[in-house]
Amino acid sequence: MRENGLPVLVIGGGPGGLEAARTVAALGTPVVLVERRHRLGGTPDAEHYAKLTHHFRDAEEALGELIAAVTSQPLVEVLTRSEVTACEGEVGNFRVAIRTPEGTQERTVGAIIVATGFQHFDPGRETQLYNYYSFPDVVTLSDMEAMLKAHQVVRPSNGQPPERVAFIQCVGSRDRQIGNEFCSKVCCGIASKQAIEIKQQLPNARVFIFYIDMRMYGYWENELYWPAQEQYKVNYVKGIVSEILPKGDRLLIRGEDTTMGRPMEITVDLVVLSVGMEPSSGTRQMARLLGIAQNKYGYIEAGGPSGLDPVATSRPGIFVVGAAARPADLDDTFATAGLAAARAVAVLRQAAVAAD
Amino acid sequence: MSVATWSPTKAGQRYADVAEETKRQLFEEVKSDPRYPDFLYGCYECGICVSACPSARFYDFSPRVIAQALAREDIDRFYEILMEDIWNCAQCFSCVRCPRGNNPGGLVTLMREVAVRHGLEQAQQALQGYSRVIYKIMLKGNQVSPDMLQPDFFPDWGPWVREFSRNMSAWRKAIPVDTLRNVTDAAWRTDEKTLRELYTIWFETGNMEVIREVDEGLYELLVEIMEEELEAAS
Amino acid sequence: MSEKLIPLAELRERKAQPVRPNPEEAPRPDLREELFELEARGELIVQRVPEPYVEVTTKFGRTKKVPIDHLWHHKSCGQCGHIPGYTTSILWLNRQFGIDYVDPTDQTSCTGWNYYASATSNAVAQLLVMCRNFAAAYETGYYPLIHCGTSYGHYKELREQLVHHKELRDQVRRVLDKLGKPLVVPEEIVHYSEWVHVMRHRIAERQVVDMRNITACVHPACHYYKIVAEDAIYDPDIYGGQRTATVTALLQALGINVADYSTWFDCCGFGFRHILVQRDFTRSFAVLRKIEVMKDEANPDMTVTHDTGCVTTLDKSQFAAKAHQRRVGVPVLADSQVAALAMGAHPFRVLQLHWHSTDWRPLLEKLGIDWQRHWAEFEEDLAAIERGEKPGLTWEDAEQPILTR
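Residue numbers (numbering that gives the first Met the number 0), protein chains in the order written: chain E, 0 to 355; chain U, 0 to 233; chain F, 0 to 404.
Source of the hints: derived by calculation from the structure; they are not laboratory data. Treat each hint with caution, since some may be false.
Stated by the list, open to error - Residues of chain F placed beyond 12 Å of chain E at every Cβ, according to the derived structure: (1) Arg168; (2) Leu182; (3) Ala322; (4) Gly391.
Stated by the list, open to error - Okay, derived cross-link-like pairs now, SDA-like style, lysine to any residue, Cα gap no bigger than 20 Å in a straight line: (5) U/Lys172 x F/His373; (6) F/Lys177 x U/Phe202; (7) F/Lys177 x U/Ala231.
Built from N, CA and C at the ideal position, the CB exists for glycine as well.
Take these sequences, add in the hints, and give me the full structure.
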């Protein structure tokens, strides 16, 4: 089937953007991939992810494979340190301006895939009293990923390995007072994964996870949750911690053990805040620039007229992938990337037919 | 026993059980307060409220259980809470840290209002010894006054109370603030007109009827004084 | 792709950034806008904050106007009745800065203490007590400054109820009409400790008592920052913007060493009714959860708070605990008392410390203040009053700082 010769523009070079670019190219259509950072990889690279929940694969290795598949593909033109600064036109014929280190280029593309992803919730805005900015030993999931990757799980205050680690779930999600009423989907799985990794590095440490609900979808139940409890003796406590305060040179955390029905206080060495997802600044920026609708949380509104199309935005010819539209795990991201790629290529072929 | 009850109730132990219909009416009264939907959304049962609550440390008291019982419309549990627990709340509103936006302390306030309005025995018991304060607040518009600082009312505040009591008159003269100086039967000097406006508010909002349920004798005394004041002015 | 990672250094750098919330992303609409809308519809009058005022930031990054001058002092019954030095110090500070103010007799207590203690009231009565006071202030043209933390929290929640429930508004208006008063709500509900906060640098400029050898623990009042949590002062320079800045900012401006402790966010245990009729709870909680923890972890020279109930609870609960060999003995002062003392106010004519139960003498001694001499001065005042030489103490007697530079 003929196309109109125009490429697909993919905005964002993280897992979603990479998968979309790879798939569009595999279908024989050229791609322009624009990435704001100095290199590809997105959040897993920027935040130094250690292992993915998928069989505990090394994140850098897995991402490296995906990046290689894209950079070795002649149909994909990669522009790093670049940003889309303007967009006009309509489906089949978008005229975009891309600012690169060498100057601004004007390009015409047939379809646009937005894969600008998420950023982590800033714990300074949390309703509960976690004092992230006051205490060195209160860290976030991303801080812990970086530590796990460097094999340096230590207390930032003194550089010593912790004896007791506590995870606190739902930080910045599921909260009417913050405004992020949604669930960020991946934090329960990631916290369990990190708990296991900590126990692997520090077998004598005690690890606790304080939760409202443990969201262990599908195989996370048997691949993460059960081994965490059974093999690695991670303690899951149903009750969220409300305050973190200093006690001597340790941290005092306070919550309720709801299944026992009484207030609980323990001292720990290190607290990991399971911070949720929010739309990234890139997502917000692109949404405004491209004139596509956002929902009340700032995510790009997806669903299309039927509500059942996870990649359709409010403008025909512009598709959204992964965490730019909703909290998403890697499976969601790859799935929507593939779907968006298919839809984008279909758009180009339809435009060609129409032009005939 | 209502169908909504899951847990065994303590009815019959410290208070007489009442008909289901009575419990339901009391519950509906709480629920129909205009503030109720602001105070109760859903409940995660996450325990943040209990974690922050001072009363939960010293009493068998749980703001989470209160929010849960009301959300589930468990009227037996509701009645139990009404009879046993609501007077333990310290009304500090630490529980407003709730991620759903619930206000268990506010729910307690609504339940207390209902308990007091209906002259429930537990409410009267809880407010025993409190009449002095009600007298002051209704009549003077101040909760506390220097003349209430007496050793028999505050023995645990130490010898300081006795010393103060002896010196009250002298010490109250030695305050440079004009509205406080030499005032001992109230916190500050209030205009008579202001107090008459206050009495009008009590009467117009049905507040005196509430006092009647708490202490009939006190009510009659207060009404007599207030009506006299209002008449004298007109 | 691997590069040498130093996650700890990155982590420390990230944490050095304080919290600066973006008000455009606030999760709730601004109640003041809803107030102005109601005013535009003719439903009520909004009393504007007069100039001069200072803008501070609140929890979601919105700005709040705090008036400096033309103040109507909404007094606290617990302060005026049992801690008169608290009220005196607030007004003394006003006078030192030449503030034009009204100390009204046309004011009732907010009646919040009674409401939270006994619930022998209802929503409309409580709203009317508040609105009657606000109308009284409005009629004088001066702007209400709320002295008590309980009043402040209670008025904040009443303001929300008034704005969101038309049926309550209508009932309130009906009775106000009977009283011949307009329905007025001030543009901002301002607590006196917010006034002290915005004045703190000017207070520090006139500081004559060196307090750098003093360690203090701050007790923030529940009703100040937990009720309508978005309306409290948050400052990126204080606690990285994660805890309310009020009180701590003042103490730091005065050079006092503010020490943290593990029950910072705990209530004091006042309980409203507990302190009157269920006192074992209040004194146990205050001692076991606040005073002992402060003493064990920080050993402070004083604890400073900004609410009537908190001062009462923390100050009066320590005596009974001594009999049980508990570790107590931390004097309790209000922020306005500390500010006044720093500026050289008389410990008895102004601070009225003789009304405090927990021993304050070691604190004054550590500050180099000769309390025996000043107590003798005060006793002479009392004697003069007794002799009939004067009816009482006046501002003339109390105005001058006892120390100058």
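*Would you list, in rising numerical order, the hints stated earlier that this structure does not obey?*
none
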